[in-house]
Structure formats: structure tokens, C-alpha cells
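Visitor: So the chains spell out like this:
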Amino acid sequence: MTARVLRPWLLRLGVLAAALGLWQGLSAAGVIRSDEFPSMTQTASALWDQASTATLWSATGQTLEGWAIGLAIGAAAALVTGTLIALNQFAYRSVIGVIEFFKAIPVIAILPIGLVLWGATLTMKFALVAFAVFWPLVIQVCYGVRSLDPVVRDTATVLRLRGLRRFVTVIVPSAAPFVATGLRVAAAVALVVDIITELIGGGTGIGERILLAENAGPAAYPVMYAYIVAAGVLGVLLAGAFTVAERYALHWHESQRVAVDLYPERTRVTAIAVLSPGSPLPQANRPGAEPGVALRRLVPRLVAVVGGVEVALLPAAVVDPEGGVGPVGDRARPRGAVLIA
Amino acid sequence: MRSAANSTRYAIGATLLALAATATAACGSSPASSSGTGTGTGTGAGSTASGSGAVTNVTLGYVPYSDDASLFYAQDSGIFRKHGLNVSFVAQASPVAVEASMASGTEQFGFITTPVLINLNSKGQSVKCVSTVDGNEPTNPADDTTVLVAAKGSGITSLKDLSGKNVAEVQLSSLNSLSVMVLAKQAGVDPTSIHQIAIPFPQMPAALAQGRVQAAVIVAPFTQTALGDGATIITRPNQDLFPNGTLTCLDAMGSYISANPTIVSEFRAAMDESVAYSATHQSVVKQTLAKGLNLPMATAEKQVLSTNFSTTFNTASIGQIENDMKEFGIITSAPAASSLIWNP
Numbered sequence: 511m512t513a514r515v516l517r518p519w520l521l522r523l524g525v526l527a528a529a530l531g532l533w534q535g536l537s538a539a540g541v542i543r544s545d546e547f548p549s550m551t552q553t554a555s556a557l558w559d560q561a562s563t564a565t566l567w568s569a570t571g572q573t574l575e576g577w578a579i580g581l582a583i584g585a586a587a588a589l590v591t592g593t594l595i596a597l598n599q600f601a602y603r604s605v606i607g608v609i610e611f612f613k614a615i616p617v618i619a620i621l622p623i624g625l626v627l628w629g630a631t632l633t634m635k636f637a638l639v640a641f642a643v644f645w646p647l648v649i650q651v652c653y654g655v656r657s658l659d660p661v662v663r664d665t666a667t668v669l670r671l672r673g674l675r676r677f678v679t680v681i682v683p684s685a686a687p688f689v690a691t692g693l694r695v696a697a698a699v700a701l702v703v704d705i706i707t708e709l710i711g712g713g714t715g716i717g718e719r720i721l722l723a724e725n726a727g728p729a730a731y732p733v734m735y736a737y738i739v740a741a742g743v744l745g746v747l748l749a750g751a752f753t754v755a756e757r758y759a760l761h762w763h764e765s766q767r768v769a770v771d772l773y774p775e776r777t778r779v780t781a782i783a784v785l786s787p788g789s790p791l792p793q794a795n796r797p798g799a800e801p802g803v804a805l806r807r808l809v810p811r812l813v814a815v816v817g818g819v820e821v822a823l824l825p826a827a828v829v830d831p832e833g834g835v836g837p838v839g840d841r842a843r844p845r846g847a848v849l850i851a
Numbered sequence: 004m005r006s007a008a009n010s011t012r013y014a015i016g017a018t019l020l021a022l023a024a025t026a027t028a029a030c031g032s033s034p035a036s037s038s039g040t041g042t043g044t045g046t047g048a049g050s051t052a053s054g055s056g057a058v059t060n061v062t063l064g065y066v067p068y069s070d071d072a073s074l075f076y077a078q079d080s081g082i083f084r085k086h087g088l089n090v091s092f093v094a095q096a097s098p099v100a101v102e103a104s105m106a107s108g109t110e111q112f113g114f115i116t117t118p119v120l121i122n123l124n125s126k127g128q129s130v131k132c133v134s135t136v137d138g139n140e141p142t143n144p145a146d147d148t149t150v151l152v153a154a155k156g157s158g159i160t161s162l163k164d165l166s167g168k169n170v171a172e173v174q175l176s177s178l179n180s181l182s183v184m185v186l187a188k189q190a191g192v193d194p195t196s197i198h199q200i201a202i203p204f205p206q207m208p209a210a211l212a213q214g215r216v217q218a219a220v221i222v223a224p225f226t227q228t229a230l231g232d233g234a235t236i237i238t239r240p241n242q243d244l245f246p247n248g249t250l251t252c253l254d255a256m257g258s259y260i261s262a263n264p265t266i267v268s269e270f271r272a273a274m275d276e277s278v279a280y281s282a283t284h285q286s287v288v289k290q291t292l293a294k295g296l297n298l299p300m301a302t303a304e305k306q307v308l309s310t311n312f313s314t315t316f317n318t319a320s321i322g323q324i325e326n327d328m329k330e331f332g333i334i335t336s337a338p339a340a341s342s343l344i345w346n347p
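Order-wise, the sequence lines are chains X and G.
With positions in the first sequence counted from 1, the corresponding number in this note's numbering is that position plus 510.
With positions in the second sequence counted from 1, the corresponding number in this note's numbering is that position plus 3.
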């Protein structure tokens, strides 16, 4: 178990070490000239110098400030707007072209307008970050909301789920994976845009430090690349944080479940069943267990629970081949449960 | 004097900026007329300095280069404060970004190059030079860090050989590209036969060494790298065309100047004092670059200050650049050169 967990990390560290070694080797062999591109050790040493003063940390803090505020504003606006657009067919068809148009505008093109409006300030930074994040995320939210599985949609309709309840129990879980992916990508975009506004526009942060070092000439190149490396590390950390958050928030979704721990084979949804209490379904897997309880334990994903009726997606492994919920392929009907698909 | 290559970027962007600024002003939010009421680090510039101990906060946008030594010195030595100014510095990538921030009202003073100054005014955006950055263009070749170099093996030995060649410039439609065209024409070469390619200074030595370009207008400290690869100096365009010229300055918006003449006057006095000190204490002033540009002290002390330390604006050189810009179609008309300069 420990070895299995450690192995991918060892592999990653190995690749990182090899890349750093190659960098140093190319510099030492003179393939990369030190007055054009500093060696790995020079850059690492410059990074260490910067990290031991307050400069690196205050620059990182300033960059994170613009990133966080911009991402929060852009994401909140995109979630609301995207949902409203997607829920209305007319709105969706009317505005999707406009959104695609704005999505294609590079932030660097509107940077001068941002500067004229707000100057080289924090406001300029987060406004442009929010702009850059908003358009792609709106589209992602639209797709998520509209990607509702027809079977789930019809089930919800049959169960007469409407309004807020339908939104919370059907639409949100369905859209959530799209939104989560969109947010993870948006977080990376936000960081890139934030650093660009600092580099080109003059906001304070890591981008400003890169600009200063670049303009100071070859003597300051190690410092410049130290800050570029710092920006990269920051990006990796933020992406990792979002991946972890996604795993916790969407633990119920099949993309996040670690199937091997629960079931002997990879989880594959093959059936949707409406279950009543006392349904004898999962006997094959848990002989003697009280059916409903066991099923709930085995099937983490309950799409909806309405008046004691549970709608569940059944993994292949819990399906009883002997007359329980059969694989969709052979259309065997479960006893005590209504197989929908 | 800031080396001309540095001095001359982003003329195209200036047009966009002028349009954006005009559009914003037209929307009624009128940031251009504000005198420092923005949310930036240096707000409250509207309160007039009285000179009797009152300190005015102003924000200055600058492009970080070694020619900022006098500017850094005015700050570090307390000259600005002595003149009643508490100046916040904002490092920006180009004069266009600086001017845009000034239009927003968050910056009151900023670095500008003469082509951008001319471009903005020709588009109806009033900005004026209020002081030099560190003086004007030097006349001593050793002090001029902007050079036109030819790559080793390019066969270029004089301006006449530029025809049909690739020439690297930091920005098209800048003073550098303008100088190359003017010099080529003077040497009897058709300027349109030269392929001008925009390449950032740090990448120029490699582009020359690999043969991607045969010549480049390059500045210190990158020149040394190129010369080390066997490149040769063909000429110094700024020396040839604009000796003692005003190629850069620190500027303010016309509206700000008329609303705050005392502050502008104190700013001018502070900068003139710092430049005058720099003329006789170069080694002291260069030390400010260690902090200002985050350089090792030994490297900072080796920088060349590309200036003649004269704080009197050279109106004739501005008029000359206006004419060149008109000749090559960068602008169609320009206001009188003297109107681009503020004098107390």
C-alpha cells in the first residue's frame, strides 16, 4: 500500500530531477549560454536569495491577492449567468455566439483600456482577471447545466421534481463536474492573466519582479528565471489545491471514486433503478444483509430520495446476475425495483 | 538620456491608448481631468504643496532601466521630499502603459519617449514633458549605449549594405526603426528594401549569432554580448541624428499641469537638482541601481549613464522627430514642438 502510494511520487520526482539535471548539463556543456539563459544552479541560488528576503513572499502575496479576488468575482458571475442562460433555450441560442466572441478576446488586447480605467492598481488586476475567467467559465457552466443525462432528466420529470428541488438535486449534481473542471482551468488562466497584468500593465507582484529583472540585463537573468520558476510552482500548487478540493466536493461522482477499494472490478454504471424500502436487491453481494441498507452502503450515488423512493445508479458489481438487477444488456428486471434503463 | 532604443517603444500602442482615453473621457467618467483622486498608491495629489512642510503624495510610472539612476537618486536621497513631494514609484513595461495609468488618474507623472509624446498629442491627448529623466542624448560616443551593429559574416560594413537585409528593432514605428529608415535614406538606400523585424533586446544577440537578422539596433548591457559574438558597430543612430536631443522625458497630462502648477514646478526643481548632482557624482548615483533594478552592486556600478546631464529641453530635436514621423507616415500632423514641453 505504502509503495503504491509512493511510487507515482517517486516517478514524478525522478522526472523533475532528470529535467533539472538536463538543464544543468546543457548549461555546463555550453549548449545554453549563461548570458542568455542562466544555469539551473544559478537560478536556484537566485531563488533562494529572493526567498530569504521578504521580496519573493510579498510579491507572491500581491499576485495571489489579484488572483483570488478576480477569480472569485469572475467565477461567481459566470456561475449565475451561465446557469440562467442554460436554463432558457431562447437565451442560450441568442447569446452563445456573443459569449464565444468575448471568450476569444485576449486580455492583453484590452489591457490598455483596463489601465485607462483603473491605472496600475489592484482593481485593474482583478478586473482583468475576472474578465478573462468569466467567458470560458460561463460556457463551461452552460454546457454543464445542459449536459443533463436524458435518463436522469426523465426520471426527475417522472418523479415530478420541480423548481428549486430539481435544481439542487438534479441539475447541480449533473453540472458540478463540468463546473469543477471549468474552475480548475479558470484558476490557471487567472494566474496567467494576473501575472501578465503585472508584467505589462505595472501591477505589483511576481510579474513586476520579472519585468524589473528582465530590464536589468543579463546580470539579473537568474533572478528573472527565479521568479518565473516561482510563478510555475505557484501554478502547480494552485492546480493541486483545486484538484484536491474537487476530489472532496465531488467524491460521489464516478470520475472521483476510487472504485478498486469498494469493488473487485472497476465501477461501471449499468443500470438506474428506482428502489423502494425493503427491496431485496443486493443479496448477491451481501448475503443476509438488510437489502436497502446494504445497497445504500454499496451505492454511494443516490440521485434523488423522494418520499422514501430512492433513485440510484447501480455499479455493475452490485448487480445480481441471478435475477436481481441485471445488466442493461440482457434487460433482466430486478425484483422489488424498477429498472429504468 | 535614456538610450534611444529604450526610448522609443510602442508608438502604435499610443494610438490605441489615445483612442481609449478619449473614449473614456467621452463617457463622462473623465478620469483624464482628475488630479490624483484615483485609488492608487499615491492619492491625494490634488492638495497643493505649499512648501511649508506640507507633503503632497504623487505617483510616478517608470520603465525600469539603468538610465533611471537620477530618478532613483531623487527618491533615495530625499530630494523629492525636500521639495514637498512623497513620490510612489510604479514599474511598468512601456510608456504606453504609463500614459494609460496617467489617463486613469492613478499616476500623475510618468516616463515617456518622444515618439509616444508626439503621437499622443497628434491624436488630441495633451501630455507635456515636465522634466528630463537624466538629461539629454550624450555627444560623447562612449556614453551612447544605443548602437547599430552588424552580425559577424553578414557582409555589412556600412549603412549602404543594409538594403535587403533583416534588421532587428525592439519595436516597429519606434525611434529606432525611424532612425534606421532616415539613415538608410541619407546613405542612398531605399528604406522600404530593409526588412525591419521586432525582437526584444535580450533576444537580439542570439538572433544575430544565428543569422536570423543581419543587423540590429541594440542597447547596453546586451550590446556587449553581441560584440562578444563578433558583431561590429556600424554607427550610433542617436549620435548621428539627434546629438543633445530630447528623446525621452518625464511627463504629466496637460490638465494636471494646469490644475497643479506648484506641484509640477517642485517636481521639475527636484529632478533638475538630482540630474545636476548626477553630473558630478556618477558613481554615487549608479549605486541606486542596485536597489532600483535589483542588481548586484558591482554590476550596478558598471552601468553607463547615457546622458549629457543637460536639463534644458531640446525643442529642435523634437521638431526633427516630428518631421521624420510625418515623412514616413507614422503621423499626419503634429502640434508645434514647443507646445509639447512645459516650462515654469
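Each hint should be verified, as a subset may be incorrect.
Just some of the chain G residues that point at chain X, by a computed CB distance under 7 Å [to be verified]:
{"id": "1", "residue": "Glu-110"}
{"id": "2", "residue": "Gln-199"}
{"id": "3", "residue": "Pro-224"}
{"id": "4", "residue": "Ala-293"}
{"id": "5", "residue": "Met-300"}
Cβ-Cβ distance ranges computed for the label pairs, FRET-style [to be verified]:
{"id": "6", "chain 1": "X", "residue 1": "Leu-574", "chain 2": "G", "residue 2": "Asn-143", "range": "22 to 30 Å"}
{"id": "7", "chain 1": "X", "residue 1": "Trp-558", "chain 2": "G", "residue 2": "Gln-213", "range": "44 to 52 Å"}
{"id": "8", "chain 1": "X", "residue 1": "Glu-610", "chain 2": "G", "residue 2": "Pro-203", "range": "28 to 36 Å"}
{"id": "9", "chain 1": "X", "residue 1": "Gly-742", "chain 2": "G", "residue 2": "Glu-304", "range": "26 to 34 Å"}
{"id": "10", "chain 1": "G", "residue 1": "Lys-155", "chain 2": "X", "residue 2": "Gly-750", "range": "44 to 52 Å"}
Now the stretches of chain G that chain X is said to cover, found in silico as 3 or more residues with beta-carbon under 8 Å [what the hints assert, rightly or not]:
{"id": "11", "region": "63-77"}
{"id": "12", "region": "91-102"}
{"id": "13", "region": "153-164"}
Hints in this document: simulated from the structure, not taken from any laboratory.
For glycine and all other residues, C-beta sits at the position ideal for the given N, C-alpha and C.
Visitor: What are the numbers of the hints that this structure violates, sorted from low to high?
Guide: 2, 4, 5, 6, 7 and 13
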